[in-house]
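S.K.: Residue numbers (full-length UniProt numbering): 1 to 236.
Any given hint could be a false lead.
Straight-line C-alpha distance at most 25 angstroms; calculated PhoX-like pairs for lysine-lysine [as the list claims (entries may be wrong)]:
| # | residue 1 | residue 2 |
| --- | --- | --- |
| 1 | K212 | K202 |
| 2 | K167 | K179 |
| 3 | K181 | K170 |
| 4 | K147 | K162 |
| 5 | K167 | K181 |
Note that these hints are calculated values from the structure, not bench results.
Predicted model, so just to flag it, every value in this text is computed and none were measured.
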Amino acid sequence: MAHWREEYLAALAVRDQREKANVALYDACLFLAAKAPVESWFLTDISSTIIDTRLADRTAQLATLKETGTTLEAGRRSSVALSESQQPVSSAPATASRKQAASETGPSLTELLKTTRAELSEAQRSREDLQNRLNRLNIDVEKLRKKSSQDSRRLNALESEKENLLKRLKDRDEELREKTKLLEDFQAELASLNLEFNMAEKKSNELQRENKELVDRWMARMGEEADAMNDASKFS
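Using the sequences and the accompanying hints, generate a full structural model.
M.R.: The following block contains the structure:
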């Protein structure tokens, strides 16, 4: 008489234990998802899948437990009524039939307990796997944050250096324009001086030629006068 009740109570205890374990798993998933927003999409997807699967299994098992409990309760009541209405001679076969019914329903409850324990272990392993994944993701996120911070500082330094280089380049362009203008002015002045020098050289050549002609004429005249004086002295 107590065998089916112990099996039923044990099944209910396992169900309660499994539900509490799953609630802890769901709460842990939600807490981890809120703690790490970057990985929330990953955890939410996995948590939703686990929750849907566990809810479906729990619903099916609750239905099985209800059917089993109803069957056992009906069997118990009919057995009690039969034992009260029959003679003591027939109480032994009734007890044997109740034991046989309990033994027939016993393996299903035992199997349910084994399945529940296996699923609980699987849920625990899944939780540990999720925790390990989350830890690795947190480490990767922290590395990326540090790298992003370093890259931001380096980017700011490069931007500042770029601004300085642009300013220096602008100054060099202005200086180059001024020097180019100065060179053009110098070249124009040099061309003007070359032109004046050529004109002065040409004028100097003309003056030298005129001076030579004057000297030649003067020398010729002086020669003629000397010859005339020599001729005059001979006749005297």
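S.K.: Decide, hint by hint, whether the structure agrees.
M.R.: Hints versus structure:
1. K212 - K202: Roughly 15 angstroms separates the two Cα atoms, so the pair holds.
2. K167 - K179: holds (18 angstroms)
3. K181 - K170: holds (17 angstroms)
4. K147 - K162: holds (22 angstroms)
5. K167 - K181: holds (21 angstroms)
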